[in-house]
Amino acid sequence: DQQVKQNSPSLSVQEGRISILNCDYTNSMFDYFLWYKKYPAEGPTFLISISSIKDKNEDGRFTVFLNKSAKHLSLHIVPSQPGDSAVYFCAGFQNSGGSNYKLTFGKGTLLTVNP
Amino acid sequence: EPEVTQTPSHQVTQMGQEVILRCVPISNHLYFYWYRQILGQKVEFLVSFYNNEISEKSEIFDDQFSVERPDGSNFTLKIRSTKLEDSAMYFCASSKDRGRAFFGQGTRLTVV
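Just so you know, the protein sequences line up as chains A and B, in that order.
17 is the number that the numbering used here gives to position 17 of the first sequence; each next residue is one higher, with no gaps.
76 is the number that the numbering used here gives to position 76 of the second sequence; each next residue is one higher, with no gaps.
Hints in this document: simulated from the structure, not taken from any laboratory.
Check before you lean on any hint, since a few could be wrong.
Straight line, CA to CA, 27 Å or less: simulated BS3-like cross-link-like pairs of lysine-lysine [said to hold, decoys possible]:
(1) Lys96/B with Lys54/A
(2) Lys57/B with Lys96/B
(3) Lys107/A with Lys54/A
(4) Lys42/B with Lys57/B
(5) Lys68/A with Lys42/B
(6) Lys57/B with Lys71/A
(7) Lys71/A with Lys42/B
(8) Lys96/B with Lys107/A
(9) Lys42/B with Lys83/B
(10) Lys68/A with Lys107/A
(11) Lys107/A with Lys57/B
(12) Lys83/B with Lys107/A
(13) Lys5/A with Lys71/A
(14) Lys96/B with Lys83/B
(15) Lys107/A with Lys42/B
(16) Lys5/A with Lys56/A
(17) Lys42/B with Lys56/A
(18) Lys107/A with Lys78/B
(19) Lys5/A with Lys68/A
(20) Lys5/A with Lys57/B
Now the in silico label distances, taken between C-beta atoms and shown as ranges [what the hints assert, rightly or not]:
(21) Leu39/B with Phe46/A: 19 to 25 Å
(22) Leu39/B with Asp59/A: 28 to 34 Å
(23) Asp62/B with Ser12/A: 35 to 41 Å
(24) Asn114/A with Gly72/B: 46 to 52 Å
(25) Arg100/B with Gln3/A: 14 to 20 Å
(26) Asn67/A with Gln14/B: 46 to 52 Å
(27) Gly16/B with Val78/A: 50 to 56 Å
Don't be surprised by glycine CBs; every beta carbon is placed ideally from N, CA and C.
Please model the entire structure based on the sequences and the hints provided.
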């Protein structure tokens with residue numbers, strides 16, 4: 001049951017251009033969405049999040065857009081830098097009450113930024 | 001910045017052997033998790049732990065798996081009798097508030 005889908009396994013962009021990473025979800029009960037970045041041999045690191053009641057959140061070069069009616073979110077990186085090359089995971093979080101705050105991850109998109 | 005630390009970074013074990021993966025979560029965090037990533041696949045939730053008990057576990061987390069917080073700082077994942085398909089990167093994570101989990105560097109478990 002793929003509640004979070006990242007349909008593009010890879011994306012290649014030129015340095016300085018915009019990178020757009022896409023994510024679709026099926027669970028309409030997600031309260032938050034998060035983007036994590038992962039370098040090889042490292043754990044995922046938090047990048048940016050968005051509440052389900054917002055449609056945009058911006059942090060420096062990173063902006064996340066949420067379209068609830070389409071159950072779609074995207075991460076924009078502009079301008080892209082070679083150091084951004086990594087696997088990007090989209091994750092949904094549902095506060096089901098109690099003490100569980102598990103994340104449901106997509107399969108990830110490998111971003112390569114070419115100098 | 002405080003971080004989650006995991007040991008060992010790589011563990012090789014024979015099928016059927018028990019392994020214990022260790023984690024030291026961030027000190028003021030209250031929620032602890034184990035995730036795993038089989039090579040080429042997505043990061044999958046295994047278990048969440050709060051107030052000294054499991055709050056949720058996935059279908060993957062069967063009777064062969066257990067978690068423990070033995071001394072108030074360490075958080076361990078034990079696999080009693082490893083199988084070949086347990087080979088994966090295992091990530092420990094902790095969080096203080098909703099959603100934003102901090103991950104360790106991972107332990108690569110190789111079952112031969």
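Okay, the hints, checked on the actual structure:
no.: 1; hint: Lys96/B with Lys54/A; result: holds (22 Å)
no.: 2; hint: Lys57/B with Lys96/B; result: holds (19 Å)
no.: 3; hint: Lys107/A with Lys54/A; result: holds (24 Å)
no.: 4; hint: Lys42/B with Lys57/B; result: holds (17 Å)
no.: 5; hint: Lys68/A with Lys42/B; result: holds (23 Å)
no.: 6; hint: Lys57/B with Lys71/A; result: holds (26 Å)
no.: 7; hint: Lys71/A with Lys42/B; result: holds (20 Å)
no.: 8; hint: Lys96/B with Lys107/A; result: holds (25 Å)
no.: 9; hint: Lys42/B with Lys83/B; result: holds (19 Å)
no.: 10; hint: Lys68/A with Lys107/A; result: holds (20 Å)
no.: 11; hint: Lys107/A with Lys57/B; result: holds (20 Å)
no.: 12; hint: Lys83/B with Lys107/A; result: holds (23 Å)
no.: 13; hint: Lys5/A with Lys71/A; result: holds (10 Å)
no.: 14; hint: Lys96/B with Lys83/B; result: violated (33 Å)
no.: 15; hint: Lys107/A with Lys42/B; result: holds (4 Å)
no.: 16; hint: Lys5/A with Lys56/A; result: holds (20 Å)
no.: 17; hint: Lys42/B with Lys56/A; result: holds (25 Å)
no.: 18; hint: Lys107/A with Lys78/B; result: holds (25 Å)
no.: 19; hint: Lys5/A with Lys68/A; result: holds (15 Å)
no.: 20; hint: Lys5/A with Lys57/B; result: holds (21 Å)
no.: 21; hint: Leu39/B with Phe46/A: 19 to 25 Å; result: holds (23 Å)
no.: 22; hint: Leu39/B with Asp59/A: 28 to 34 Å; result: holds (31 Å)
no.: 23; hint: Asp62/B with Ser12/A: 35 to 41 Å; result: holds (40 Å)
no.: 24; hint: Asn114/A with Gly72/B: 46 to 52 Å; result: holds (48 Å)
no.: 25; hint: Arg100/B with Gln3/A: 14 to 20 Å; result: holds (19 Å)
no.: 26; hint: Asn67/A with Gln14/B: 46 to 52 Å; result: holds (50 Å)
no.: 27; hint: Gly16/B with Val78/A: 50 to 56 Å; result: holds (51 Å)
In the structure shown, a violation is registered for the earlier hint numbered 14 alone.
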